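Residues per chain, in single letters:
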Amino acid sequence: MTDDVRLYERMCLMRSFEEACASGVRDGLLRGELHLAIGHEGVGVALEESLRPADYVVATHRSHLAAIAAGVPLRPMLAEIYERATGLSSGKGGHLHLFDPERRFSSTGIVGSTLPVALGHAAAIRLAGEDAIAVGITGDGGTNSGQFAETLNMATLWKLPLLVIVEDNGWGISVAASASIAPPGIAARARAYGLAAFETDATDPLRAVADAAEAFAHVRSGAGPALLVATCHRFSGHYEGDPDLYRTTAEKTRMRELGDPIANLRAGLIDGGADPADLDERAARIAAEIEQLRREVLADSAPPAADAFTDVVASITPGGNR
Amino acid sequence: MTDDVRLYERMCLMRSFEEACASGVRDGLLRGELHLAIGHEGVGVALEESLRPADYVVATHRSHLAAIAAGVPLRPMLAEIYERATGLSSGKGGHLHLFDPERRFSSTGIVGSTLPVALGHAAAIRLAGEDAIAVGITGDGGTNSGQFAETLNMATLWKLPLLVIVEDNGWGISVAASASIAPPGIAARARAYGLAAFETDATDPLRAVADAAEAFAHVRSGAGPALLVATCHRFSGHYEGDPDLYRTTAEKTRMRELGDPIANLRAGLIDGGADPADLDERAARIAAEIEQLRREVLADSAPPAADAFTDVVASITPGGNR
Amino acid sequence: MNAEAARGPLLPDMNVSRLIATTLHDEMTADESLLVLGEDVAHGGGTFGATRNLLRTFGEQRVRDTPISEMSFVGMGVGLAMSGYRPVVEVMFADFLGVCLEQIVNAAAKNRYMSGGSVNVPMTIRTAAGSIGVAAQHSQTLWGMLAHFPGLHVVAPSNPYDYRGLLSAAMQSDDPVVVFEHKSVYLRKLSSFRVGAEVPAERYTVPIGSAEIVRTGGDLTIATLSTMVEATLDAADTLSANGIEAEVVDLRSVVPLDADTVAESVGRTRRLLVVDEDYRSFGLSGELMSRMLEAVGPRGLDAVGRLAVPDVPIPAALDLERVVIPQVEAIVAESTRLVEK
Amino acid sequence: MNAEAARGPLLPDMNVSRLIATTLHDEMTADESLLVLGEDVAHGGGTFGATRNLLRTFGEQRVRDTPISEMSFVGMGVGLAMSGYRPVVEVMFADFLGVCLEQIVNAAAKNRYMSGGSVNVPMTIRTAAGSIGVAAQHSQTLWGMLAHFPGLHVVAPSNPYDYRGLLSAAMQSDDPVVVFEHKSVYLRKLSSFRVGAEVPAERYTVPIGSAEIVRTGGDLTIATLSTMVEATLDAADTLSANGIEAEVVDLRSVVPLDADTVAESVGRTRRLLVVDEDYRSFGLSGELMSRMLEAVGPRGLDAVGRLAVPDVPIPAALDLERVVIPQVEAIVAESTRLVEK
Ligand SMILES: Cc1ncc(C[n+]2csc(CCOP(=O)(O)OP(=O)(O)O)c2C)c(N)n1
Ligand SMILES: Cc1ncc(C[n+]2csc(CCOP(=O)(O)OP(=O)(O)O)c2C)c(N)n1
Ligand SMILES: [Mg+2]
Ligand SMILES: [Mg+2]
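Protein chains in written order, with this note's numbering: chain A, 1 to 322; chain B, 323 to 644; chain C, 645 to 985; chain D, 986 to 1326.
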């Protein structure tokens, strides 16, 4: 198996995973606003290829691919998304709040709030003298949060090993990036705060992997913080169930036709001589594995009611904790 | 009287005003942290020369010169600073919270919070189709607040008539700008958010007046928002009573010797043939007038105790307002 | 109810998000100084559909999509309000109050006082509160938190009539008013509500600061608000079948809190249960219990209790969420306990 | 009091800001994972001098001046805490909690719960509260506001012994703890305090969540905290001269609130006055009154009252400030009224 076929497989896995989540909404098993990253797989593999176990990752409301990239085990992750007792957080966090301290992975549902936490991880790496970096992820919309600017400034001031990754799908819910991000735009902002700015087109996964590697290398080298803008498309609505009327059908068709990282890599592999049937078979096998995982997870039980009251604080205080 | 002598007089008045405030702290009449802008007079006159009555100004914790520039009458302003019933806010706001809606002037003691409010004024100007601009002031330290970035972005997006003025005295309390603002710095930030950036040295008041006029003209022309960085020195401590040990004596001496906008303009006027004695006499007369004002204000009474309970909300509700 | 408006024609049946959009529309038509701004309010018509079609009717200048910059667009609202406009700012979820609290509590709420009454901040903040399965960071109500700050009015309607009337009142108020809408109502039809399902087509206001007795009963008083009013009315049915008659007070406003109406009821029943979807401690439930202590004295009370979120974050799993959000059965049980005391 | 530590040598007389700096120093020496960050904490030694000399001793990596970016340096503290460090983050004034609330309440406070207990956030937030003539935006206490959010501990010491002991406890805690320091104490000498003026030189902790009875008396219980403890003790002297013996409880912690200690006292006195420097409504005073109602029932109480900031912003003028901040005379008057009831 060539390396590129491996990337193809990883992206297939990421998409199958998201589809396994989507079906939970369709089946009425998942409530709330489930944000999927179907279409973002180019960013997912770019992250995965460059991340090392000692790196920290702080992900957004659209966190699943980043979690996979960080090595979070799929079973407890899917179980958490399905709010089962076997989940990463025993079902208390849910899909918006995935935590896996062993993989140095966390997330938050609040836009912009990922970056300061990642900055703290970067500071910890420096203090501990570790050979690692911290990755803070945001969407394009999140670059308008004050926390984005504040974090970038401090990262440069203290030359911390922070890589900010902007998953730029061009939309913040129904608001187009062009209507929310004043030109000259995200990379210019990064430079104005003293970061090295990298840009990539993550609908072309091989390019994204290479460009991300450069950005990671910059930060690992100790040259200071960097930011990588990775453009991509969000194929689904903002959340599963979003009628997505703010984008035209033509636009949505075009992005699926031209901007699908998996289809794009598949086409490239076939151009390079790969057997389409083999590629499809690989995809089907992975989809079946994830489906199997989903079945297992669905058989898991929900957390017991008493769990609602535990884990609020670590300390035990004489008269209770309020 | 030449125009430059008038500027000299206005700066003398600004300084005398601040000294009239300082003496309140020395005499134990003023509590809290009183922030004076002695050394910032170059910014004060630059503002005053370009401001028009229909313009809005939102000023910081160091707001007195901006208020003078906006035409806020001195007597109620000084009375407010001395917390008298005759003050702008009947003594309820105090020196950190000067409001004069007639002059479209307000201020806030929270760093960064001036700018969004000024943005709202700019939006109101646009809505009302007024021929005016909104001026939002911040210190250099305030440019690290998330509100700075957020506001700049929206100002450009909507091309609002907002002028951000950064009174860059190089310090945020004890933290030097070099330790808090990552390079390339404030003007680069403004450009990255799409604003026109202007810079001036406000220790040279004539230059500051001219540069500010350009920045105001840019915004008035409808070309979009702009930011003006005006460098200056804060001669006093951060607040009256601040021991100011974070700056060396040499540094403080140097800034007074080289960076005093009043002394600099005075020297220029004398070079141009002005009579030093005349200039000093003018300064003395102004100081005497302000001292007279201070005496009057000190004779004013404090607000009556019952005032503590009024003005919380405008609406009258049946059962009281809580 | 406003008898005048109630006599006129009614709105057709529709869901609450459209009712809110209609109310925004009607007020904006009546007063040109009213504006709407927030994330997704214009082109998207509101995450919950509550600003649908406003952009088309009023244009970009009055209906504005903002970047994800809550602190600064709330502050922009303050500036607009101080310039003679009446912004209605949407903070998508109440949980996001943490990213914009400063401008709400130190500017909007205090500018009037700090200016000695010379400045008003007529601004409405609409925000979506409550649990619909979105876990700890998207389920909070937090009205008790905002109510702590003087200078704000805080309302949380429970039924269609009040959604329209309180929103109109907020938009007409010269003060900052925070309107907490409950996420669970947006897609509900007016006709599905037990109370206030008939909504006049004409504009009207429900006075801010006035509670309403939505069920009379002599055995205990249950004071509640927002979506918990319906849960409480359901509980009251069960209680009634068990021989206990609950008087149910819909507080409607958190600030001003209409303690008089509750005290009058408690004066008769001598028993009070507060049902609140906010965290239990340091919030509305404790405040109302204390107000009753102050109003009728300990001797005026036989039993007092509260049901609220038991001081834990809202868990994701449905089974856990149901444990921490007051349910009908818990209201029945606690009411019964109080009456038997 | 911690009997062990109390037997050892005492710290020399010093002002409280130096006591805090000493405590920070001693804990940082004992535990290398402790860090200090915030505005002016390093080169300036703290706006109130409470971090003086720490930079010199521990260096830039552990004592860090930050830009004026509260939200993000608090969030940075969260990240550090999740990476095994123990940041002590200074938010200069409690009034600025509005610019960083999100990271405190949605991250620091909830990450443990949302992670099913797999993540701790051992972080201390120090902030200066209370009135010293700096008006509406720099005088608030706001402990009642933060206390509303589950997942945080909140303390507000009143005397030197507790300043040291509670700060040490916070720094050793595995949970986020917010320490409210009162601006009026920084420049006061240890020896000027009525209670707790003797401070052991050895490290010790005061347990978070435990109140202390600082004066015994049988006629009424006055529960209070922070600087109001001294005002209350002064009031108790006057009351005693008038024949009324007040029991004074120093709550010390707002969360966990030691209702048991108060209830035990109120069980004896049957009368409770809460004295609080926070806003009256929707805060600590209401919560404590309600807890007492719950603990001893209405029949266990003869009279209950509270003194707090009467739901107005803090005015600038001294004469007005004195009207809204509880004063000794008001405590005497209200206590007398309650006892005569
Ligand atoms: C502070 C805050 N404001 C608003 C939201 C609601 N919200 C969730 S996702 C989102 C859009 C984010 O856009 P972007 O950063 O581009 O990420 P994307 O959804 O496109 O991946 C918004 C507004 C939030 N979670 N937090
Ligand atoms: C949000 C916030 N954080 C901190 C403070 C405390 N503070 C008041 S002024 C100041 C320094 C401001 O520096 P700069 O913006 O450069 O203005 P300067 O004082 O130099 O005029 C600080 C930190 C505040 N008022 N508001
Ligand atoms: Mg996006
Ligand atoms: Mg400065």
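Keep in mind the hints are simulated off the structure, nothing from the lab.
Predicted, not measured: the structure shown is a model, and the values here were computed from it.
Incorrect hints may have been included.
Stated by the list, open to error - Covered by chain B, according to a simulated footprint, are these stretches of chain A (three or more residues, beta-carbon under 8 Å):
1. 138-152
2. 174-188
3. 192-206
Said to hold, decoys possible - Under the rule of at most 30 Å between Cα atoms (straight-line distance), these lysine-lysine pairs were calculated in the DSSO-like manner:
4. A:LYS252 <-> C:LYS827
5. D:LYS1326 <-> C:LYS985
6. B:LYS574 <-> D:LYS1326
In this text, a Cβ means the ideal position worked out from N, Cα and C, and glycines have one as well.
Here's how the hints hold up against the structure:
1. Here's how the stretch 138-152 of chain A fares: 8 of its residues keep a CB closer than 8 Å to some CB of chain B, so the rule of at least three is met and the hint holds.
2. Requiring three or more residues with a Cβ within less than 8 Å of a Cβ of chain B, the coverage given for the stretch 174-188 of chain A holds, as 7 such residues are present.
3. Counting residues of the stretch 192-206 of chain A whose beta carbon lies closer than 8 Å to any beta carbon of chain B gives 3, which meets the minimum of three for the stated coverage.
4. Distance check on the hinted pair: LYS252 of chain A and LYS827 of chain C sit about 29 Å apart at the alpha-carbon level, within 30 Å; holds.
5. In summary, the hint linking LYS1326 of chain D to LYS985 of chain C is supported, as the alpha carbons are separated by about 25 Å, within the 30 Å threshold.
6. A distance of roughly 63 Å separates the Cα atoms of LYS574 of chain B and LYS1326 of chain D; the hinted pair therefore is violated under the 30 Å criterion.
Comparing the model with each earlier hint shows a violation of hint 6 alone; every other hint is respected.
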